[in-house]
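Visitor: Starting from the known structure of chain A, fit chain B onto it as the hints suggest.
There are 2 protein chains.
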Amino acid sequence: MEIMSIGNELLIGKICNTNAQWLCKKATALGVAVKRVTMLPDNIDETAVAIRETLNRSPQFVITTGGLGPTFDDKTLETIAKALGRKIEINEEALKMVKAKYQAYVANMGSQDFELTEARVKMASFPEGSTPIRNPVGTAPGMQVELKDTTLLALPGVPHEMEAIFDETIMPQLRKASNGAAFYDENLYVDIMESSLAPLIEIVMQESPGIYIKSHPQGEERQPHIELHFSTTSSNAMEAQERLRKAVAKLADLIRSNNGRVYSKEHNSNQG
Amino acid sequence: MEIMSIGNELLIGKICNTNAQWLCKKATALGVAVKRVTMLPDNIDETAVAIRETLNRSPQFVITTGGLGPTFDDKTLETIAKALGRKIEINEEALKMVKAKYQAYVANMGSQDFELTEARVKMASFPEGSTPIRNPVGTAPGMQVELKDTTLLALPGVPHEMEAIFDETIMPQLRKASNGAAFYDENLYVDIMESSLAPLIEIVMQESPGIYIKSHPQGEERQPHIELHFSTTSSNAMEAQERLRKAVAKLADLIRSNNGRVYSKEHNSNQG
Chain A
326 MEIMSIGNEL LIGKICNTNA QWLCKKATAL GVAVKRVTML PDNIDETAVA
376 IRETLNRSPQ FVITTGGLGP TFDDKTLETI AKALGRKIEI NEEALKMVKA
426 KYQAYVANMG SQDFELTEAR VKMASFPEGS TPIRNPVGTA PGMQVELKDT
476 TLLALPGVPH EMEAIFDETI MPQLRKASNG AAFYDENLYV DIMESSLAPL
526 IEIVMQESPG IYIKSHPQGE ERQPHIELHF STTSSNAMEA QERLRKAVAK
576 LADLIRSNNG RVYSKEHNSN QG
Chain B
326 MEIMSIGNEL LIGKICNTNA QWLCKKATAL GVAVKRVTML PDNIDETAVA
376 IRETLNRSPQ FVITTGGLGP TFDDKTLETI AKALGRKIEI NEEALKMVKA
426 KYQAYVANMG SQDFELTEAR VKMASFPEGS TPIRNPVGTA PGMQVELKDT
476 TLLALPGVPH EMEAIFDETI MPQLRKASNG AAFYDENLYV DIMESSLAPL
526 IEIVMQESPG IYIKSHPQGE ERQPHIELHF STTSSNAMEA QERLRKAVAK
576 LADLIRSNNG RVYSKEHNSN QG
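Listed in order, the protein sequences are those of chains A and B.
The working numbering numbers the first residue of the first sequence as 326 and each following residue consecutively.
The working numbering numbers the first residue of the second sequence as 326 and each following residue consecutively.
Isolated chain A, as found in the complex (with noise of 0.2 Å):
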């Protein structure tokens, strides 16, 4: 899987990319694994260049997110058309659901000057062939094409519209996709100098098939705490954790006797 951020607010450093951090925790636990992530900009060229350098990895599945609203800004779909070189046309079902919105919040607001304006209808324009996803809790819809390869999905950048679309659409593909398989991590908490630590990791993963072994070092060389992150991703959950717990213990083991401190321990359980 890719994932795909379009936004001038990211590449300007205005906001983190919670989202892709968001989409990479959950397609992990399912399984999934995300081999790119890509931020890329409002503009049509730049961006339809990108996705079809993205396409022609053939991923399984491709997510964007961002740029599905009303504004001028907001250019994805015209964008996927011309990567994929079809024509934008307005889908009927997907100018229902937006129709459906408006004329709700216009009840709402106990007014009647409800118009189905260039803006609204823009939010409705798809590209040739793709189907919309209902959005749960807004107002512009997701859209889904399924390509050669690849599913392509396009999610909108607002967080809580985006993960409501995810759980409710994307979610349920994924999890087929991955036939039944998960993550499963641990956590361990070292004192030792990373440079010391480095042959001990690489020996047990040598033993431990399937095991990656990171270390994030929280402190400086000097002062040297380590976080150890154990991960596999496997259809047996039984198998899969006590192949991370036999690799905790080994590398802890090596650390004690290599005068290091194994000072903590904290079990994180699968994300799914």
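Be careful, since some hints might not be right.
When chains are identical, the list treats them as one kind, so a pair holds in a single copy or across two.
[What the hints assert, rightly or not] DSS-like mimics (lysine-lysine), calculated; alpha carbons at most 27 Å apart, straight line:
#1 Lys-473 with Lys-407
#2 Lys-360 with Lys-424
#3 Lys-360 with Lys-350
#4 Lys-407 with Lys-360
#5 Lys-571 with Lys-424
#6 Lys-501 with Lys-351
#7 Lys-412 with Lys-424
#8 Lys-426 with Lys-360
Just so you know, these hints were derived from the structure itself, not from any lab.
Bear in mind that the values here come from a model prediction, so they are computed numbers and not experimental data.
Guide: Using the frame of chain A, we list chain B on its own:
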């Protein structure tokens, strides 16, 4: 400029990419536009391909973060060497830097067991033709290599080390490249439906060359609080601020005369 953030911890959603946000903010404030951020795994082959793709776009600067430490998963120098088709060699200047750090740590700890292990030498194993960058607060040096169109810079992933190297060595290079340009922005907070706001933004952007206006919905369309972000890049502060002021005033007027509410305004000074 492009940023490449290397580390599995990003792609499993363990951490948010605050390093990229920090760099985007700094570069933007210095008048250097970030065109793309790519998050990549600790995988030499996949990431070397991505680095080559990035260099083919000929950005003036490419900054990588992560993967310069002593453990097996720190593969960025090897990855860059592969991307450039260059050999890895022990860089004598980098080795001096690494040695000096360990000698100081060992002296501080009152110990004598300093040894230039394989893991420690790895931090000085650089692509041919590159130069080390002093790390004022940590162990692993940064790396700089001048290519035909691009200055390629590799920084550590530990945030305070990345930031210290950037401030000391990278910032002056960006400042020189941007020729005194800087980024200016203002926010305006309004109550109006985003879809009603869309045509008003277009009017103001057409009348305000060089001003980019982006709307960030804070609530939902039915409770339409919107943050408007006005920005421009210029080497003339007075002129830029005057242009910004005019665009903000014009859009505020238009929103008021379309039954919207302009309920607060917050000035953002130049982030530099």
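Visitor: Any of the earlier hints contradicted here, and which numbers?
Guide: 2, 5 and 8
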